[in-house]
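K.L.:
Top line first, the protein sequences correspond to chains A and B. Using the working numbering, read the first sequence as starting at 380 and increasing by one per residue. Using the working numbering, read the second sequence as starting at 451 and increasing by one per residue.
Hints in this document: simulated from the structure, not taken from any laboratory. Among the clues, some could well be false.
[What the hints assert, rightly or not] Pairs of lysine-lysine, BS3-like flavour, derived with a Cα cap of 30 angstroms:
{"no.": "1", "chain 1": "B", "residue 1": "K526", "chain 2": "B", "residue 2": "K700"}
{"no.": "2", "chain 1": "B", "residue 1": "K798", "chain 2": "B", "residue 2": "K526"}
{"no.": "3", "chain 1": "B", "residue 1": "K687", "chain 2": "B", "residue 2": "K798"}
{"no.": "4", "chain 1": "B", "residue 1": "K700", "chain 2": "B", "residue 2": "K798"}
{"no.": "5", "chain 1": "A", "residue 1": "K458", "chain 2": "B", "residue 2": "K526"}
{"no.": "6", "chain 1": "B", "residue 1": "K700", "chain 2": "A", "residue 2": "K458"}
Every value quoted in this text rests on a predicted model; they were computed, and no experiment measured them.
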Amino acid sequence: MRIRTALLATSALILASCGQATETDAPEADISAEQALMTQLIDAEPGDVIEIPEGTYNFNRGLSLTVDGVTIRGEGMDKTVLSFADQIAGAEGLLVTASDFTIEDLAIEDAKGDALKVNEGENITIRRVRTEWTNGPSQDNGAYGIYPVQTTNVLVEGNVAIGASDAGVYVGQSLDVIVRNNRAEYNVAGIEIENTVGADVYDNVATNNTGGILVFNMPELQQEGRVTRVYDNQVFANNTDNFGHPGTPVASVPAGTGIIVNSNDDVEIFNNEISDNKTGNIIISSLFTTGYSESSTSESFDPYPEGIFIYGNTFTGGGEDPDTPELALARIMLFGEDGRLPDIIWDGFYDEAKQVDGVTPDALRICIDNGDVGILNANGPSGFTEPSTEMSPFECSLEKLPAVDLGRS
Amino acid sequence: MSLKRIAPGATLFGLFLFGIAACAPGKPEIVSHPADNPTQLSDWGLFDVSGGALELNEGVHPYDLNSPLFTDYAHKLRTIWVPSNAPAVDLNTGGVPDLPVGTVISKTFYYPKSEPGASEVLKSNDPTGQVNPALSNLDTIRLMETRLLVRRELGWEPVSYVWNEAQTDAVLTKIGDVKPLTLVEPDGERVDFAYIVPDINQCAGCHAPNNTTREIQPLGVRARHLNKPYAHNGEDKNQIAFLTEQGILKPAEDAATLPANADWTDHSLPLEQRARSYLDINCSHCHNPAGPADTSGLDLTVDAAVGPALGVCKLPIAAGSGTGGRAFSIVPGAPDESILIYRLETTKPGAMMPELGRSLSHAEGAALIRDWIASMDGDCSS
Chain A
380 MRIRTALLAT SALILASCGQ ATETDAPEAD ISAEQALMTQ LIDAEPGDVI
430 EIPEGTYNFN RGLSLTVDGV TIRGEGMDKT VLSFADQIAG AEGLLVTASD
480 FTIEDLAIED AKGDALKVNE GENITIRRVR TEWTNGPSQD NGAYGIYPVQ
530 TTNVLVEGNV AIGASDAGVY VGQSLDVIVR NNRAEYNVAG IEIENTVGAD
580 VYDNVATNNT GGILVFNMPE LQQEGRVTRV YDNQVFANNT DNFGHPGTPV
630 ASVPAGTGII VNSNDDVEIF NNEISDNKTG NIIISSLFTT GYSESSTSES
680 FDPYPEGIFI YGNTFTGGGE DPDTPELALA RIMLFGEDGR LPDIIWDGFY
730 DEAKQVDGVT PDALRICIDN GDVGILNANG PSGFTEPSTE MSPFECSLEK
780 LPAVDLGRS
Chain B
451 MSLKRIAPGA TLFGLFLFGI AACAPGKPEI VSHPADNPTQ LSDWGLFDVS
501 GGALELNEGV HPYDLNSPLF TDYAHKLRTI WVPSNAPAVD LNTGGVPDLP
551 VGTVISKTFY YPKSEPGASE VLKSNDPTGQ VNPALSNLDT IRLMETRLLV
601 RRELGWEPVS YVWNEAQTDA VLTKIGDVKP LTLVEPDGER VDFAYIVPDI
651 NQCAGCHAPN NTTREIQPLG VRARHLNKPY AHNGEDKNQI AFLTEQGILK
701 PAEDAATLPA NADWTDHSLP LEQRARSYLD INCSHCHNPA GPADTSGLDL
751 TVDAAVGPAL GVCKLPIAAG SGTGGRAFSI VPGAPDESIL IYRLETTKPG
801 AMMPELGRSL SHAEGAALIR DWIASMDGDC SS
C-alpha cells in the first residue's frame with residue numbers, strides 16, 4: 380500500500396510537468412450500493428474483508444472476484460441478500476477465481492446460472508451462506524447453489540441450499556473437503572461430491588431433494604474421485620420429482636433416492652439416519668445405469684463403484700414406490716404389491732477384468748455390516764431381469780478410511 | 451496476486467522512460483501510464499477524434515485477426531503500440547509474444563449507425579481495416595467502448611473506457627455498463643438487446659486462459675491469429691511481416707511457416723478448418739487443457755484431437771440447463787442433438803456459450819458449426 384501511494388504521486392508529478400491535467404483512478408460518482416460492491420470486488424487486495432450490511436442488493440450482471448485472500452461477509456443468510464432475479468448477463472451469481480477465500484453470512488438468490496462458483500483455489504471456506512431459487516423447484520432454476528470445483532482444502536459448513544436444478548452443494552474435482560452442518564432442500568441433488576479425493580460429509584440434513592447425497596465419478600476429467608465418508612447425516616424423504624435438465628448426470632437419479640454412490644471408489648456410509656426415500660435409501664450404481672455410452676469415455680475410466688462400506692446406519696421406510704421401471708418391477712416381483720425394496724440397492728455391474736478366481740478382491744467389494752438390513756442386487760448385467768436379495772456376498776467389512784484433516788484450528 | 455504491487459526500482463526506470471515520451475511537443479502524444487489509469491482514454495494519446503474521424507497516432511498500428519471473437523455483431527478496431535526504443539520480441543508458434551513493458555494493445559468496439567445521427571445500429575460485416583483514418587466518419591459510427599491491455603512491470607493489466615455520447619472521448623470504468631441497443635438487420639428487422647461492457651474482473655474471464663497462473667494475456671496477438679494480410683497504404687502486407695519491419699516482432703521462423711487459422715467466413719477453405727478456427731477464437735481461452743473450463747473436460751483449441759475431449763460423444767459434466775436436454779456435446783451428423791449447438795444458439799445467461807461477451811446469438815457462426823457437425827461420420831450409440 381505504501382508503494383502504491385508513492386508511485387501514484389510520482390506518476391502524477393511527471394504528467395503534471397507536461398501540462399496535462401490527469402486524474403488517476405477517480406472514484407465513480409453517485410454509485411449505488413450494488414456498484415459500490417462491484418467496485419470493492421475489483422479493488423480488493425489480499426487480506427481485505429468486504430462487509431455487506433443487511434439489505435437486499437439487486438444485480439443485473441454476475442459478480443466476480445479474482446484476488447486471493449479476500450473475505451466476503453454479510454450480516455446473516457436472511458439479512459444480507461444478493462439477488463440476481465434481474466440478471467441478464469453472467470453464468471454465475473458470484474464467480475471466484477482465487478485462493479484463501481472465505482464467504483459467510485449472506486444469501487445469493489435466483490442466479491440465472493450457478494449461485495456461487497469457486498473455480499480453482501486453495502483454502503476455501505463457504506459458511507452460513509444460503510443459495511436459493513425462491514420460486515421452488517423448477518427446471519428454470521440455475522444449476523448449482525454452492526459450487527467449488529478444482530479446489531483444495533475446502534470447508535463448506537452451515538449453509539442452506541434450496542432449489543438448484545442440479546445440486547444444492549456440489550464439490551467437484553477437489554481435494555480434502557469437509558461438508559458439514561448444511562441443509563439441502565428441494566434440489567435435484569442435495570449434496571454432491573464428484574471426482575473428489577478425500578471428502579468428509581457429516582451432520583448435514585438432506586430432504587425433499589430428488590436425491591439426498593450423491594458421490595459420483597464422471598469420465599473424461601482430470602481426476603477420478605475416491606475416499607469419501609458420508610456419516611451422521613439425516614437423509615429423509617428425498618422424493619421430489621427429478622427436475623434436472625435431460626442430459627445432465629443428475630437427471631438420471633431416480634426420485635426418492637437417499638444416498639447414491641455412482642462409479643466412485645472407497646466410500647464409507649455410516650451412522651446416518653436414512654428414511655422414507657421412496658426409490659431406495661442407498662443406491663450403489665455404475666455409469667452404466669446413468670445414461671452412459673461406451674463411446675463417451677476413454678478406456679482408462681473406471682465406471683464401477685468399488686470399496687464401498689456401509690455400516691451402522693438407521694433406516695426407516697422407503698423403497699415403496701421406486702421411480703424406475705426396472706426397480707418398480709423388481710419390487711412387485713420380489714415383495715408384492717404392498718412390499719418395499721430393501722434399504723440398499725445395487726445395480727449389479729462389476730468389473731469382470733478384476734475378478735480373481737471368480738470373486739471380487741476384498742478391497743474392491745461392497746461390504747455391508749448394518750444389522751438386518753437387506754439388499755437388492757438389480758442384476759443389471761442380466762438386463763435387470765434376475766434381481767436377487769442374497770445378502771451373503773456383501774457380508775464383509777473394509778478397513779476404515781482416514782478422517783479428512785484440513786489442518787485448521 | 452495483485453498486479454498493482456510494483457517493484458520500486460524497475461518501475462522508476464519505467465516512469466523515467468514514459469515521462470520522456472509524454473513530454474514531447476506536437477499533437478497528443480502517446481503515454482503509457484505505468485501504474486495508474488487515467489480517467490480519459492485521450493490521456494493515452496492513441497487516437498485523435500478531433501476531426502470527426504478516428505485517426506491513429508504515429509506508431510499505433512492497426513491489425514485484425516484471421517477469425518475474431520463474436521461480440522454481438524460489434525465491429526472492432528484493434529491496435530498495438532510498443533515503446534519505440536524497445537527491442538523486437540520473439541514470435542513463436544503458439545504463445546503470446548513477450549511484448550515489452552509499456553506496450554498498449556487496444557480494441558475499440560463500434561457499430562455502423564443505421565443512418566447518420568441515428569442511435570440504432572446496423573448488423574453488418576466487419577470491414578477490412580484501413581490505416582488512417584481508421585474510422586473515417588464518426589457521424590456514421592457509434593463508438594461503444596475501448597478496452598486496453600497494458601503491459602506493466604508485473605504483467606498485462608486490463609483497462610476499460612466507455613465512449614461518451616458526443617464521441618469526443620471515452621471515460622474509465624471499472625464496473626462496466628449495460629447499454630440498451632437496437633440492431634437493424636439487413637431486412638429491416640429490429641432486435642433490441644443489452645450491450646454489456648464487462649467489469650474489469652470479467653476481463654480475466656477470457657484473458658486469463660490459464661486458470662492456475664491466472665496471468666492476463668492478449669488473445670489475438672498470437673501467430674495463428676495474426677498471420678494474414680492487412681492493407682497498409684493500399685498495399686496488402688502480412689501483419690507479422692509488417693510488425694517485424696516495425697521492429698516489434700522477431701518471428702522465430704519465416705512467416706510462411708507459422709501457423710495461420712482460417713478466416714471462418716472464407717468458403718474456399720475446408721469446412722473443418724473454418725469451424726475449428728471459429729471455436730478456437732471463441733472458446734479456447736476457457737476450453738483449453740489449463741483453462742477455466744478444464745473442469746468440463748472439453749478442449750476446443752484449434753489443434754485438439756478429434757474425440758471425446760473435443761466433445762464428440764462426450765457427456766456433459768456441470769452444464770445444468772446448458773445441455774438443452776441433449777446427451778452429448780457433439781453427436782456426429784446430428785447438430786440438433788449436440789449440446790454445443792444449443793449453447794451457441796441460446797441467449798439464456800445460465801446456458802449460453804461463451805458465458806461472457808454476447809447477449810445475441812451468432813447465427814452465422816452457429817450455422818458454420820452446424821454444418822461441421824452435420825458433416826461428421828459416426829454416432830454415439832455404442
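K.L.:
Next step is simple, just say for each hint if it's right about the structure.
P.N.:
Each hint tested on the structure:
At most 30 angstroms may separate the alpha-carbon atoms for a hinted pair to count; B/K526 and B/K700 meet this at roughly 26 angstroms. For the given pair, B/K798 sits about 25 angstroms from B/K526 by alpha-carbon distance, which is consistent with the 30 angstroms threshold. For the suggested pair B/K687 and B/K798, the alpha carbons sit about 41 angstroms apart, so the restraint of at most 30 angstroms is broken. Restraint check for B/K700 and B/K798: not satisfied, since their Cα atoms lie roughly 44 angstroms apart, outside the 30 angstroms limit.
Taken as a hint, the A/K458 and B/K526 pair is broken in the structure, with Cα atoms around 44 angstroms apart against an allowance of 30 angstroms. For a cut-off of 30 angstroms, the pair hint linking B/K700 to A/K458 is broken: about 58 angstroms separates their Cα positions.
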